[in-house]
Amino acid sequence: MNVTVRKFDAVIVGAGGAGLRAAIQLSEAGLKTAVLTKVFPTRSHTVAAQGGVAASLGNSEEDHWHWHMYDTVKGSDWLGDQDAIEFMCRKANECVIELEHYGMPFDRLDNGRIYQRPFGGHMSNFGEKPVRRSCAAADRTGHAMLHAMYQRNVKANTQFFVEWMALDLIRDAEGEVLGVTAMEMETGEIYAFHAKATIFATGGSGRIYYSSTNAFINTGDGVGMAARAGSPLEDMEFWQFHPTGVAGAGVLITEGVRGEGGILRNSQGERFMERYAPNAKDLASRDVVSRAMVTEINEGRGCGPNKDYVLLDITHLPPETIMKRLPGIHEIAVQFAGVDALKEPIPVVPTCHYQMGGIPTNYHGQVVVPGKRTQNEIVPGFYAAGECACASVHGANRLGTNSLLDLLVFGKSAGETAVEELKKTPKAHKELPADAFERTLERLNRLETQKGGANVHETRLAMQRTMQKHAGVFRFNDLLKEGVQKILDVQKDVQQTEIKDKSKVFNTARLEALELDNLIEVAVATMVSAEARKESRGAHVRDDAPDTPERPNGRDDANWLKHTLWYKENNRLEYKSVTLRPLTVETIALKKRAY
Amino acid sequence: MDEQRRVRTERLRWHSRRALLENDLVLQRFWQKQTEALDDATAGMLERLLEMEDHDLWELLSGRQDAGDPALQSMVALLRQPAG
Chain A
3 MNVTVRKFDA VIVGAGGAGL RAAIQLSEAG LKTAVLTKVF PTRSHTVAAQ
53 GGVAASLGNS EEDHWHWHMY DTVKGSDWLG DQDAIEFMCR KANECVIELE
103 HYGMPFDRLD NGRIYQRPFG GHMSNFGEKP VRRSCAAADR TGHAMLHAMY
153 QRNVKANTQF FVEWMALDLI RDAEGEVLGV TAMEMETGEI YAFHAKATIF
203 ATGGSGRIYY SSTNAFINTG DGVGMAARAG SPLEDMEFWQ FHPTGVAGAG
253 VLITEGVRGE GGILRNSQGE RFMERYAPNA KDLASRDVVS RAMVTEINEG
303 RGCGPNKDYV LLDITHLPPE TIMKRLPGIH EIAVQFAGVD ALKEPIPVVP
353 TCHYQMGGIP TNYHGQVVVP GKRTQNEIVP GFYAAGECAC ASVHGANRLG
403 TNSLLDLLVF GKSAGETAVE ELKKTPKAHK ELPADAFERT LERLNRLETQ
453 KGGANVHETR LAMQRTMQKH AGVFRFNDLL KEGVQKILDV QKDVQQTEIK
503 DKSKVFNTAR LEALELDNLI EVAVATMVSA EARKESRGAH VRDDAPDTPE
553 RPNGRDDANW LKHTLWYKEN NRLEYKSVTL RPLTVETIAL KKRAY
Chain B
1235 MDEQRRVRTE RLRWHSRRAL LENDLVLQRF WQKQTEALDD ATAGMLERLL
1285 EMEDHDLWEL LSGRQDAGDP ALQSMVALLR QPAG
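Listed in order, the protein sequences are those of chains A and B.
Counting along the first sequence from 1, when you hit position 438 you're at 440 in our numbering, and nothing is skipped either side.
Counting along the second sequence from 1, when you hit position 39 you're at 1273 in our numbering, and nothing is skipped either side.
Treat the hints as calculated values from the structure; they're not laboratory data.
Since the structure is predicted, the reported quantities are computational estimates derived from the model, not experimental observations.
Hints should not be assumed to be uniformly reliable.
[Stated by the list, open to error] Selected chain B positions facing chain A (Cβ under 10 angstroms, derived; list incomplete):
hint, residue
1, L1246
2, E1256
3, D1258
[To be verified] With a cut-off of at most 27 angstroms between alpha-carbon atoms, the simulated BS3-like pairs for lysine-lysine come out as follows:
hint, chain 1, residue 1, chain 2, residue 2
4, B, K1267, A, K34
5, A, K502, B, K1267
6, A, K564, A, K374
7, B, K1267, A, K504
For glycine and all other residues, C-beta sits at the position ideal for the given N, C-alpha and C.
With these hints in hand, go ahead and build the complete structure from the sequences.
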């Protein structure tokens, strides 16, 4: 197979918020920049972000980046690196104002300043009371952000390669990253993008779960490529879940449904929340509701042929209340659960939403790995930003509106650092190693010639069901142990997937098989990392880590205040310490995370 | 001609990968029922829909808005048909 080589100063994989923000930095510095993307940039999943972007502008009331930092550290359950968190919160205002100058149509106050609204977990004066910190553009913040940044890139002559799928990272013997291989979907041809800087901004990998709010494109391509190239993955056991997604579909049912009187029921029709939260019942907090739902399912009281969901019942509410107060829910139930919610309950299940872990980076956006001298040695030429990266600002749990901030700040930071590094290094591209395309060609050849192999759709489903059951929102020691074995079995099938359609042009079957190669790396990393972490922290909640005075909420700081690093080779785990020292202020000291 | 139709169909299949899960799911349901290459009229209507921004597309697919063009609206109606 022929591989055509194209040279750029920088190649960015992914054209969501982080990729577009990084590209602006590089192109405006006059560097020849390529952005590869599976879908048109404004079809990236950043579009789905509605809540806004956090910045302590203080337009409506007093606010301070230090308070935002405190909230983020607390939200992370102290697993976030405090240097990166300080960096992000201090940079927030600058990044939001820049976006405004790019033409982002933020909602405004009468005085013309950006309007800000409150959001869960964001407080003033170190956790005292809620503060208005989120900047939004109606309910289309992510969408407006992408448009503003895409236009800016067009003006700066960024070269977009739309409907191209990056396949593998190119590294030489010294470990330096020299670009990626990629497939042009329209022709099926393979190219190499030879670059002095390679930036991954491929978003999340939520499709590893059976029930996920993530769009189908979120297949962890950057994370998978990094793992195959020998990079560790950090804190992959931490995934944020939402309690009520439509079972089998993942579309969210807003918490407002329970607010209006919706009731959760098990297979016996029992209102089970009365047992778990006698006072709040169905209105208990997200984590309590999610745990109760999973316990019901695990104890055999789930519904449906596989007993793997519970029911959200609103049939007792007056139809006019449903249609007036919960517009959209009726349609979602019809479309995605095939039920008329006025007459039948809606099947729901805790649903994966956001990936806190990823490719380890420092706050400059450079990918870092443990080395001989330090635990954070820079991988030359390699950068990552946004949901695929782990800076780590979200630690064990992300605060709402910090995801858009993460991609702006670290997209910019990765771009800025790459520009600085390219100024320092000689102008010529480092030579590609002889085996630069080997991994890619082997994968493609294997897929092309596989006989009697596994079906891609069925294998992906097996992975998703395994992840949902064994490493879901509430985790059990025996299920995790079994889960490790099961996911390794699924991995064997992934290594021998077979496609019937061998055509070249827009071959979705081939693309899905290649995506599954990435998803499985994320799934295995998640399961192995989760099984090993014997405490509860943030979004990683174990049944066997109870809340005690020494271990608040099951969190075991004496043994587990550390980042997980998973390596593909032999599923090896290493740990590295959390950076507790911020850049300029005092450490935010450990305490119980309570709201 | 057949090859042209096949390629146009495959391109549209990929363009049905969207920014929002809701749109992905509705379009997936359509493709699961579609075993042959699309005829030109259907392909043309689908192209028009897939050129839309995702939030606007969901407004149509969720029935909150009408496409304003009877032919296009009939394509929306086809996509909105629940499974089964």
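Quiz item: Do the numbers back the hint for B:L1246, that is, is its least Cβ distance to chain A under 10 angstroms?
Solution: holds, 9 angstroms
Quiz item: Are the Cα atoms of B:K1267 and A:K34 separated by 27 angstroms or less?
Solution: violated, 44 angstroms
Self-check item: Restraint outcome when B:E1256 is required to lie within 10 angstroms of chain A by C-beta distance
Solution: Holds. Min distance 6 angstroms.
Exercise. Decide if the proposed pair is consistent with the structure: A:K564 and A:K374, CA atoms, cutoff 27 angstroms inclusive.
Key: Holds - the C-alpha atoms of A:K374 and A:K564 are around 19 angstroms apart, at most 27 angstroms.
Exercise. Take a quick look at whether B:K1267 and A:K504 sit within 27 angstroms of each other, Cα to Cα.
Key: holds, 21 angstroms
Practice problem: Using 10 angstroms as the Cβ threshold, decide whether B:D1258 counts as touching chain A. | Solution: Hint on B:D1258: holds, closest Cβ of chain A at ~5 angstroms, below 10 angstroms.
Quiz prompt | Pair hint A:K502 and B:K1267, alpha-carbon separation not exceeding 27 angstroms | solution = holds, 19 angstroms
Hint 4 from the earlier list is the only one contradicted by this structure; the remaining hints agree with it.
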